[in-house]
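Visitor: Here the protein sequences come in this chain order: L and C.
Each residue of the first sequence is one higher than the one before, starting from 0 at the first, in numbering that gives the first Met the number 0.
Each residue of the second sequence is one higher than the one before, starting from 0 at the first, in numbering that gives the first Met the number 0.
You may find that some hints are simply not true.
Lysine-lysine pairs mimicking DSSO-like chemistry, simulated, CA-CA at most 30 Å apart [to be verified]: (1) L:K279 - C:K493; (2) C:K21 - C:K493; (3) L:K36 - C:K374; (4) L:K36 - C:K300; (5) C:K443 - C:K374; (6) L:K401 - L:K368; (7) C:K374 - L:K281; (8) C:K454 - C:K374; (9) L:K279 - C:K487; (10) C:K443 - L:K36; (11) C:K443 - C:K6; (12) C:K199 - L:K318; (13) C:K374 - C:K199; (14) C:K374 - C:K26; (15) C:K301 - L:K279; (16) C:K26 - L:K428; (17) L:K36 - C:K301; (18) C:K487 - L:K281; (19) C:K487 - L:K318; (20) C:K401 - C:K454; (21) L:K401 - L:K428; (22) L:K428 - L:K366.
Simulated from the structure, these hints should not be mistaken for laboratory data.
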Amino acid sequence: MRYLPKSDSDRREMLRTLGLSSADQLFDSIPAELRRKQPLALPRALSEPEILDYFRQHAAENAAGHVKLLGAGAYDHFRPVVIDALISRGEFFTAYTPYQAEISQGTLQAIFEFQTLLCQLTGQEVANASMYDGSTALAEAALMALRITGRSRVLVAANIHPEYREVMQTYLAGPGVTLAEVPVAASGQVDSAALEKLLNETVAAVAIQSPNFFGCIEEIPALAEQTHRHGALLVTAIAEPVSLGLLRAPAEADIVALESQAFGLPTSYGGPYAGVIATKEKFVRSLPGRLAGQTTDRDGRRGFVLALATREQHIRREKATSNICTNQALCALAVTIFLCVYGRRGLRELAEQNLAKAGYLAAELAKLKGVRLPYTAPFFNEFVVELDADAAEIHRRLLPRKFVAGVPLSRWLPERRGALLLCATETAKRGDLDSFVAALREVLQP
Amino acid sequence: MSDAIRKAAPHVSQSEALIFEKSTPGKQAFALPPLDVPAADPARALGAAHLRSDIEGFPEVSEIEIIRHFTRLSTWNYGVDTGMYPLGSCTMKYNPRVNEVVARLPGLATEHPLQPDEVSQGCLRILRDLERCLLEITGMDAITLQPAAGAHGEMTGVRLIRAHLTAQGDPRRVILVPDSAHGTNPATAAMSGYRVENIKSNPAGQLDLDALRQRMNGDVAGLMITNPNTLGIFEVRIREICEMVHAAGGLVYMDGANMNALAGIARPGDFGVDIVHLNLHKTFSTPHGGGGPGAGPVAVKKILEPYLPVPRLVELPDGRLRLVSDRPQSIGRMRAFVGNFGVLARALAYILANGPDGIRRTTEDAVLNANYIRKQLEGIYELPYPSPTLHECVFSDRRQMKNNVSTMDIAKRLIDFGFHPYTVAFPLIVHGALMIEPTESESKEELDLFIEAMKAIAREAETHAEMVRHAPHTTRVQRLDEVTANRKPILRWKPVPPPDAAD
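So that you can see chain L by itself, here it is in the shape it has in the complex (with noise of 0.2 Å):
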């Protein structure tokens, strides 16, 4: 019971002052029938050095000492040490979304940056702070290209993450709206073709991923430009933004959908990350989500107050833009202080060192026997390598030599047996690459 205040002749004044003479009376409210007799068949309580015990123990069994070359929509990047520094300040993680903007100018002023810096990553007018995650923030912007075009179908490249598009699936699947899928061209992007002829005046936006699930980059003002002739919406979702360091900003899109987990988030076995919906700024009231706008006060002060709350759930209820309430604030907080760490150079320098250790790895595995590269599209820090072997199965095998071996894409794309996608970035190191490169030869070798 240490976090409880309270000593046991504080609790019997307390009840004393309200006429009680036992806890118990406080939940006479509850009917007797609904209230518990037994306590509950929980553990009984650890202590301090107990819970640390557990935790740790558990961390051992996972994948501790392997050699992980995985993306797939998270990403290993160098975590400043800053970043857990500030973000652990009680001012920072224990307050409330900033309603009450006088006491909280600075969880508002850094949402503030936050927003600045995604519009000046994206080259977007206006991004909001936040959404869940990237496959969230994905789905919420198709539903935002509905409302604003009142159209009823959204086309959906395949080679957006599996787990996006099961996202947008369960989103979209109210009355009404319709799911294409686009196919994919033999460079690993979308198939341009086959988009024009799918491409109509239902069409309320065409989905894509930049880098796509493939690691390929994809022809954004081409794409934008097909879309933008049949008066549909291009919305983009970046699940890599670490390529935005080198890459130019998807400017042409009309909304993109980014995975900020990159910037300074742990993978930690699948969240907190943090999703963003950045746009137009002719869009900004079908945005869901939080806004941070700066004003001031009666003295002429800057100050920052949340702003165009009327799109949310809070006010407009039922006829709200989104249902979403509590977001990710804490993580967004972590990656403007990354972005601050990298700052203009840095960032361009990170994604330098990313696309030089994904393009070694690969050059170096296109030696092998029995290994080829399917697509010819650049790619940054992700690949696809094509085996003339089971992937799944080689995956296995290298397991137990304490390397995961990107993931086998036939867990989502049954079809795809031979397919493994990999994933090097700054943190991968020459001789595990280079170990890696060996140990596949190995296995692949009858």
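Fit chain C to the supplied structure of chain L, relying on the hints for placement.
Guide: Frame of chain L; chain C shown alone:
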């Protein structure tokens, strides 16, 4: 400053510009290790057309400037660590530090969501243990830990209702929501393709059963009900309510936002509800973080288990754990990967620290604190609903409005007294609501200071109304111009153009 303010005194805080305004070309806070593979030429590797030349406006600052920048910003905030944060419905309780340590452990924070189950048994065991604890606390049959927040859990729940009714051949079109509900309830139902109908509350502040009976028909898919409700009142007739909805073929969704009033005392599973979500960032002490991240697990009765989102956590006969996605009746995925693992681990650490007795004692203290405040402020502030309340109490500003002092003014004045305000003007069924939830984390001394502050403000409302209307008086900024912020939104910083560009 009033002599009545014992808890707080003004102090100097540092001014701080936007990070962009502090940027100077050539400064840096990063250092990358030397590249151990051949450098790649970006133009050759990616194609010149794909490259950007610069990230315009991005900051260039040193490490000490980053530390000072965010430290200074942090001092402009108020957190639970600073003092009492009695936001009704938000359960701003202490966030134990050990939770933060375990979520950051190497071997947990470092794990990848797509690494094979064989090398994730530790993470999966943590999830399994949390599932078991939450099922015991709620008295439900099955649970998903995937939803990222309360509203996300609500959406999951409403999709489960739709899936179940669709499987029976009729998804129906209407979700009923009491007028005292959180805004997320109607927004969730609407987002899931349902028409929302509001049910009014009765004079005791509970759901009106006659109104419910009149609305129940074959087109009602379900009822979303918060229990205890947003007035802090237990819905005494919850079983009857559930029976009524079930009899008409609908399902009952319980919003578990107020579980801090029930844990260890009563279980939603015994009320007859079909679905309940939990806000781990409320009842289970994971930090609010300035707005998130949270986690909103959804627990259900057996009949809904086949529809739960994928992946499902399954225990094999040999004790090993697996994530399974092959569930044809599932509503699908609510988000990528398994869930907000880091938040889930924190919640388990909290449950382990408390144990069964601690969970119950926590609930008792939370309800004791709320009733203590209610008792001391009754008669000074108007209590619109006299029914007994649990973890929070709701007053109105009716008396103070005689002097034109509103709930917002009182809230802002509380800041000068060293407290975070309560929840202002919610629930909507109370005009000018003051919604106060102290949680169990407040000592008697802190509660007494709060009560003293509230009494002092009530007196000031009579003697110095104008001063209260302009509160706060001690913060860095005064009340901000929200009208302009909404009419002409400035949502990002832009560089000031150089003087010659103005020509």
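Visitor: Starting from K374 (chain C), check that the Cα of K281 (chain L) is at most 30 Å away, please.
Guide: 51 Å, violated
Visitor: If you draw a straight line from the CA of K36 (chain L) to the CA of K301 (chain C), is it 30 Å or shorter?
Guide: Holds: K36 (chain L) and K301 (chain C) sit about 23 Å apart, inside 30 Å.
Visitor: Would you mind confirming whether the straight-line C-alpha gap from K36 (chain L) to K374 (chain C) stays at or under 30 Å?
Guide: Holds. K36 (chain L) to K374 (chain C) sits at ~28 Å (cutoff 30 Å).
Visitor: Just to be careful, I want the Cα atoms of K374 (chain C) and K26 (chain C) compared with a cutoff of 30 Å; is the pair within it?
Guide: 58 Å, violated
Visitor: Run the distance test for K401 (chain L) versus K428 (chain L): straight-line Cα separation, threshold 30 Å.
Guide: 15 Å, holds
Visitor: With the threshold set at 30 Å, check whether the alpha-carbon distance from K279 (chain L) to K493 (chain C) stays at or below it.
Guide: It holds: about 15 Å lies between the C-alpha atoms, which stays within 30 Å.
Visitor: K443 (chain C) and K6 (chain C): Cα distance at most 30 Å?
Guide: 14 Å, holds
Visitor: Run the distance test for K279 (chain L) versus K487 (chain C): straight-line Cα separation, threshold 30 Å.
Guide: 15 Å, holds
Visitor: Please work out if K26 (chain C) and K428 (chain L) have their alpha carbons no farther apart than 30 Å.
Guide: 28 Å, holds
Visitor: Are K374 (chain C) and K199 (chain C) close enough, with their CA atoms no more than 30 Å apart?
Guide: Measuring from Cα to Cα gives roughly 27 Å; hence the hint holds.
Visitor: Regarding the pair K428 (chain L) and K366 (chain L), is the alpha-carbon distance no greater than 30 Å?
Guide: Since the Cα atoms of K428 (chain L) and K366 (chain L) sit roughly 19 Å apart, the hinted pair holds (cutoff 30 Å).
Visitor: Checking one constraint from the list: CA of K401 (chain L) to CA of K368 (chain L), max 30 Å. Satisfied?
Guide: With Cα atoms ~22 Å apart, K401 (chain L) and K368 (chain L) stay inside 30 Å; holds.
Checked against the numbered hints above, the structure breaks hints 7, 14 and 15 and satisfies the rest.
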